[in-house]
Amino acid sequence: MVDVKIENVYKYYGSIDGVAAVHDLNMDIKNGEFVAILGPSGCGKSSTMRMISGLEHISAGTISFGGNIVNNLAPKDRDIAMVFENYALYPHKTVFDNVANPLKLAKVSSPEITERVKRATQLLEIDHLLDRRPQELSGGQKQRVAIGRAIVRQPQVFLFDEPIAHLDAKLRARMRSELKRLQVDLGVTSLYVTHDQLEALSMADRVAVMHEGILQQYDTPQAIYEKPANAWVATFVGEPQMSLIECVIRQKGSGVVLDFEGHEIAVGAKVGKVLAASKEREVLAGFRPNHVAINTRKTAGSIPGIIYARQLLGGEILAEAQVNNTMIRARVNTDFSLQLGDKCSVSLSKEDLNVFSADTGVAIY
Amino acid sequence: MSGENVSKRHPIFTADAWGFRASEQMPETINRSPSKLFYVYLMAPAIALLAAITIYPFLWLIYMSLHKVKLGPVDDKWVGLKNYAKLLSDAKYFEGWVLLGKYSSMCLTFEIIIGVTLAVILNNSRFEKPLVTLFLMPMMVSPVVAGLLWFYLYNGTFGWYHWLFESLGLLGGASILGRPETALYGIVIVDVWQWTPLITLITLAGLKRVPQDQLEASMVDGSSPIRNFFSVSLPNIFPFLLIAILLRFMDNFRFIDAILALTGGGPADSTKLLPVYLFDVSFKFFKLGRGGAIAFSLLVVTIILGLILVRIFEDPARKQAMSAQD
Amino acid sequence: MASREIIRYDNSPLLRLAKILTPIFLAVYLVWTLLPLFIMVMASMKDLLDAFDTPDAGDWGGVAMFFDFTPTLKHYYVLFAENNFGVYLFNSLVASLGSALVAVTLGSMAAYSLARMEFRGKKDLLFWIISTRMAPMVAVTVPLYAIFRSLDLVGTLPGLILAFTTFNLPFAIWILKGFFENVPYAIEEAAQVDGCTRFQAFLTIVPLVAPGVGAFLVLCILFAWNDFLFATIIGSGGAKTLPAATKELVQPQNIDWGKIMAAGVITTAPMIPLGLLVRKYLVAGLTMGAVRE
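If you're matching them up, the sequences are chains H, W and B in order. For the numbering used here, add 5 to where a residue sits in the first sequence, where the first one is 1. For the numbering used here, add 118 to where a residue sits in the second sequence, where the first one is 1. Reminder that position 250 of the third sequence reads as 245 in the numbering used here, one-by-one numbering, no gaps.
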């Protein structure tokens, strides 16, 4: 078990004059930590993992395990275990042989192999399938075999490449908690690549959000949700999505308010102080749906709008109000009576908001 | 995403633009590229051998075509493009091209009509598997043996097919291979016998990939099975047929084994297709220089056909259509 | 998955006619396909010249004459005892198997590299490979003969193996490349992570491709076995194979049809079961991988 350090790493496919798939990446993963890389497809997350595994060449920069640079080590010499998106089981080998393969290659004695395979498969509850071949297994079972193959030896680093992306929703939910449990029990430094924010936020100690080859933010799940580093992260993370409204910071009395198309949005003292100190004037104010209320009656400081859409999300309703050209989303109770096209008034939280520069998207508050 | 929040003042802004962007900065040092030697080692023996047995002969071919090749221990004489110039006044050379074209188009017409009909019938038949197995047996026969077999069947004295033609009042006495007017048909029949099953197999592979939903949609729209075939199946199997046509066309350039066994180019040169003529020039009259010139021209045309074929091979739309239901 | 069931509601006269005509068409085609082969086998067992007689034109009842003979295996015996067919059979076996082994061994190594590696000029290299396979055999034979003569390879088995390899090797490379491309690279990646070297990772997928590689080996044998042009020109003399020997039985005068047909049966017989054995890969093999079943 080691810590992993990624320093100034670049990945180019083809010419280095082209666009970098990974651009100047710096990350450290602490010993025993569970880190997720989250991002949409093509953001560079898989390239990053493949460079760590040694399956792909590192165009520039260094990756080190426990202080030793591994750039020029073959995958087999990096002492890693990896779970692939499509499982990549050996189709012609039985479950036992699939799981035992890394041990056989490491020349572990045969009784010990049997013992360790037994332990790993019992842990994953697939010990009754040892004689089957992969094509006789369900997706969930295949995935467990792939994990079994990874945990059967104690590697320095675990790499998970979207391991549960192809399972159905119910099984995914279960595997999330099981994988997390497994990682804590084994205590192995782990990197988990996913495009699913629920997986990243629920399992990882820290989440690295990537977009267009750039690390956008690397922090705890809570910080990423509550204090997104920029407007892209703010809208990418969080479901239902944060509403962004375009405002101008305006002096009012001793403090400041946000001017949204002529409507005045009051902000709390703490936010006000930060905004007053900022040089930015034009900003994006972001509100999570649970910090927005939509009512029938006009109240002080509310903004008039029209109900554009409403969706039942089980125990609550996601209501969308249209104010001029802007949509503002709110979570409301199921007794919400307004229908599409009804007039409404939108109240925004004074404290629970995020403010970004309208120019660069970088977080101000 | 939140495109609806985009303000009028910032028309270029999308959510994508609100994240951190890559700088122009490039890495200071680039790591050494990974070694591809593993692949090169694996590839080298095959490429080297192939080069030795194809490029070297190809260069030889060009060399010969520019020389008067002497068979003895005498040095070959440089003649420049004379061998090629002579071809221009060689009626048999042009006749060879015409016959090759005639032969190929006749073979293909029959093979496509019969082969596709057969495939459509087999595709709807319960006995598809056993019948296909029986039908494809002629393809396994060595072409020269096929030629000899039909040489016997056509024989004016002992041939049962000759007897059949006679009894049906065809031909009027002479053997089909014996007269210049009919000999070409004689060799076409053999090619059709041997290679129609290939067209059937290719078409069947195409028919199996006709998307079921298209057929169903067409049926719901109220078209008859026959219309269905022309409006849905045929367009879907067209790329398969195209490949079949090109492959057969090129095989007619490649193989003359059956023709050598059947007629050797006669009678009166009526079946002297260009490759057969080339065979005669090179191995009967041993004019290797002129043979080289003919071979070179034949190669050039084949390579052009090959380029077209590879284009079709690699056309992404075709690839998608042909593997749709894999 | 949509159901494969097709319900026919249409009962137009045209379709009813088609229903009657299809079995007739199939029956006629079956006879047309198999009759020549049947006649070849029968004729190979006929000895006396009378047995080869055909009736007068129009005498349909005379067809019975075809069956009017005492079957004998004399021709087969004579071919092996007097015409050296044992040697030719051996030559055919060695030359076709040898060339197939060379082509598939070297070909699968190259095909693997071409399937896994990207490099500039790959397309051109691939086109060169396939074009060597498409070249007209006669055009290739002329220079090949000249070269082989100077190397004393004409009339030898190694020479013939090499000649067959000119068409089998590009075939093997091209078709096996497509075959390797269908094996997910992730399996080799998993193997490398498990502790394999790059070469060991390649070996892990060998069992996966073995059936296909075997089938294409058989196809290479088939192509080489059936070849006539190289066999007769490069192999003439010391390395005569069955097709070349069969053709040589044809003399200007007094053709012994029974013997020729027997030689044809000997040449053809092993190839039919072999071809049916690789039935699944036949279409891919004969279309250079462009069409798969």
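Quick caveat, the hints were computed from the structure, so don't treat them as lab data. Quick caveat: nothing in here was measured; it's all calculated off a predicted structure. Careful, some of the hints might be misleading.
Unchecked claim - The calculated lysine-lysine pairs, modelled on BS3-like cross-linking and capped at a C-alpha distance of 27 Å, are:
hint, chain 1, residue 1, chain 2, residue 2
1, B, K69, W, K326
2, W, K195, W, K405
3, H, K98, H, K109
4, W, K204, W, K188
5, B, K118, H, K98
6, H, K275, H, K355
7, H, K284, H, K257
8, B, K14, W, K247
9, H, K123, H, K112
10, B, K117, W, K154
11, W, K195, W, K210
12, H, K303, H, K355
13, B, K118, W, K326
14, W, K326, W, K188
15, W, K154, W, K186
16, W, K247, B, K275
17, H, K284, H, K303
18, H, K348, H, K278
19, W, K188, W, K405
20, B, K118, W, K154
21, W, K188, W, K200
Subject >> Earlier hints that do not hold, by number >> reply: 1, 5, 13, 14, 15, 17, 18
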